[in-house]
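> Sequence:
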Amino acid sequence: MALGKQATLKVVITVGLILAIYILFAYLQNIYKAYQIDLQIEGLQDELIVINDENNKLKRSLEYLKTPAFREKSAKEQLNLKREGEEVIILKRPAEAADDGEILTPRKPADLQKLPNHLAWLTYFFGDTLAE
Numbered sequence: 001m002a003l004g005k006q007a008t009l010k011v012v013i014t015v016g017l018i019l020a021i022y023i024l025f026a027y028l029q030n031i032y033k034a035y036q037i038d039l040q041i042e043g044l045q046d047e048l049i050v051i052n053d054e055n056n057k058l059k060r061s062l063e064y065l066k067t068p069a070f071r072e073k074s075a076k077e078q079l080n081l082k083r084e085g086e087e088v089i090i091l092k093r094p095a096e097a098a099d100d101g102e103i104l105t106p107r108k109p110a111d112l113q114k115l116p117n118h119l120a121w122l123t124y125f126f127g128d129t130l131a132e
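Under the UniProt record's numbering, the first residue of the sequence shown is numbered 1, with each subsequent residue one higher.
FYI, nobody ran anything at the bench for these hints, they're computed from the structure.
The structure presented is a predicted model; accordingly, all values stated were derived computationally and were not measured.
It is possible that some hints are incorrect.
As the list claims (entries may be wrong) - Simulated restraints on C-beta separations:
| id | residue 1 | residue 2 | range |
| --- | --- | --- | --- |
| 1 | L28 | F70 | 33 to 39 angstroms |
| 2 | E87 | F125 | 26 to 32 angstroms |
| 3 | V11 | Q40 | 41 to 47 angstroms |
| 4 | T67 | Q29 | 56 to 62 angstroms |
| 5 | V12 | V50 | 56 to 62 angstroms |
| 6 | V88 | L44 | 50 to 56 angstroms |
| 7 | T67 | E87 | 34 to 40 angstroms |
| 8 | E77 | G127 | 51 to 57 angstroms |
| 9 | I51 | G127 | 26 to 32 angstroms |
| 10 | G16 | L44 | 57 to 63 angstroms |
| 11 | S61 | L24 | 54 to 60 angstroms |
| 12 | L91 | Q40 | 53 to 59 angstroms |
For every residue, glycine included, the Cβ atom is placed at its ideal position computed from N, Cα and C.
Let's have the full structure, built from the sequences with the hints guiding it.
Here it is, written out as structure tokens:
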């Protein structure tokens, strides 16, 4: 009978050990799933912050587009409208100015060498208007 008790004890210990390993495996699997879910939640929260920021920018942009200042600017730029009493000044590009009989000639390096150094630099960056 002692032999039967030992065999029963071995079977009980083996079944208990297998059951403990299964429970431990299931517990670790649940911990891993919870960790993965936490990572996913953090990622979604970061994405939510970015989307909210973008949404706020779009709201501010929409509010600006509804302002009278934007409407006036848009009417002036796209429809070439003006207010009563306003004067519009049209600046011509150098190519257009040359068509009116005005001749634009670049300065020659010899002319720049005659100027003092600081005036040559001013002429280089800002044209003839500041150096003279």
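> For each hint given before, does the structure comply? Return the numbers of the non-compliant ones in rising order.
1, 7, 8, 9 and 10
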